[in-house]
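Chains A and B, in that order, are what the protein sequence lines are.
So the first sequence is numbered by numbering that gives the first Met the number 0: it starts at 0 and just counts up by one.
So the second sequence is numbered by numbering that gives the first Met the number 0: it starts at 0 and just counts up by one.
To be clear, the hints were calculated from the coordinates, so they are not data collected in a lab.
Keep in mind that the hints are not guaranteed to be accurate.
[Claimed, not checked] Pairwise CB distance ranges (calculated):
{"id": "1", "chain 1": "A", "residue 1": "Glu186", "chain 2": "B", "residue 2": "Ser7", "range": "35 to 43 Å"}
{"id": "2", "chain 1": "A", "residue 1": "Glu91", "chain 2": "B", "residue 2": "Gln243", "range": "22 to 30 Å"}
{"id": "3", "chain 1": "B", "residue 1": "Arg18", "chain 2": "A", "residue 2": "Gln112", "range": "21 to 29 Å"}
{"id": "4", "chain 1": "A", "residue 1": "Gly89", "chain 2": "B", "residue 2": "Ala171", "range": "24 to 32 Å"}
{"id": "5", "chain 1": "A", "residue 1": "Gly89", "chain 2": "B", "residue 2": "Asp13", "range": "17 to 25 Å"}
{"id": "6", "chain 1": "A", "residue 1": "Ser48", "chain 2": "B", "residue 2": "Glu169", "range": "27 to 35 Å"}
{"id": "7", "chain 1": "A", "residue 1": "Glu186", "chain 2": "B", "residue 2": "Gly226", "range": "41 to 49 Å"}
As the structure is a prediction and not an experimental result, all values here were calculated from the model.
Glycine included, each C-beta is placed from N, C-alpha and C at the ideal position.
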Amino acid sequence: MPLPFYVSPEQMMQDKAEYARKGITKGKSIIALAGKQGMLLVAENPSSSLNKISEVYDRIAFAGAGKYSEFENLRKAGIRYADLKGYAYGREDVTAKSLANAYSQTIGNIFSQEMKPLEVEILVVEVGEATAQDEMYRISFDGAIADERGYASIGGQAEELRLYLKEKYEEGTTLEASLKLAVKALEASANQKVRAHNLEVAILDRSHPGRRFRRFTAAELVGLAGDLES
Amino acid sequence: MFLDLSYSGSSFCDLVTGRLPFLLTRWDHLHFSPEELGPLAKGTTVLALKYRDGVAIAGDRQATEGTQIATRRIEKVFKADEHSAIAIAGVAGPCLELARLFQTELEHYEKLEGVELSTEGKANKLSQMVKMNFPMALQGLVVIPIFVGYDRRRDEGKIYKYDVTGGRYEEAEYHATGSGGSHARASMKKQHRAEMDEGAAIHSALEALYDAAEEDIGTAGPDFVRGIFPTVKTVTAQGILDVQEDQVRAVCQRIMEARPRSH
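For reference, chain A alone in the conformation it holds in the complex (with noise of 0.2 Å):
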């Protein structure tokens, strides 16, 4: 039997990072905002039912970019996990911490063990009462986990996005100003005007009961951020 060439773990790592980094770099973007009204995820995406953004839990969202299936996958994962979480404790313990963290480890053992890498880069929010105890967990391909404030983005664009943001971005916004920044954001990566039928756009809403997690409507966008065309 012929022994397989041999390749360096260092060659390997990096053999599959630029693999999945290559896979996300083609898909488009999402941004999450902590505003005063809540959470907001913006995500460009032309289909209306395979969605990029979704509801957890109680204040919990997740946003995925690159791979729809894998994405969606750890979605589901994720949503079995924390309602698994609810219902044996109670709806307060479940939190974003563990989940990203559950993610993380998941996302990094199959970076590791397997043959190929998860094209994946998602993030995990979580809205708190106020805009101090918000939280947002950038977790990436090989299971890197980054804790960030204020803003964040994933995707293709990502980078650039952060930039941006990070000049732009100001505390406690209203809903309004909040989507407005991040479809000027979406524009000045894209070098191109976004409309709102090719956005996909909810919110964690800090000051609703229960489930916070709410979608918006092309025509909802358009009355919100005034100058988008639908």
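On the provided structure of chain A, position chain B as indicated by the hints.
The following block gives chain B in isolation, referenced to the frame of chain A:
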């Protein structure tokens, strides 16, 4: 708790049964005698009736342990999701578990699939869950729910009643179950009109509970001294709403005052 990427179903019930079976009550292998079951808390009367805009669902607040009162403030009517509610009668422990499991089941499905189950789908799922309980029902741990929902596709309210085998029957007008169920049904029979408005429906529901409380020792009437009143919820095209306690108190007051003093 772990992230499970291999599972693919949309049912929370199946997920728990498969992954964390100890979370569900399973005493099929044990055998209780009536003496042991006597002291278990039992929920008493719950009812539902249709009216012009949808369905009203209500229940008294008492649970009994044999001839003792277990609690005066138990909640037997629950919001299942935005467009449906469940009321339960039977042994309190398994009843409350069923209600909570059913709520989680509907929410879980909605989040995974991105759409609510149809009213029919919810009613069928509940039927399967009641059937799961059948071996325990044989030993006396009976769970009997009433399920109501607003079917937005057909634009009408629906009432489903169940038996211990999981049998699911749609009711056209009204239904009541639990220890005072037959008295409540007799009361609603005289008052129910399909075109009645919300106020009349709430009145009829509370009057039926009042009648049940007069005839059945397990059912509690409105308690003006302690300030404990029946729970009433309405399910319409606008979603599920709690009828506020002030309103329930006022209607109960009217019912009480309308009764002949010599009773």
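Looking back at the numbered hints, which does the structure fail to meet, lowest number first?
-> When the structure is compared with the hints, numbers 4, 7 turn out to be violated.
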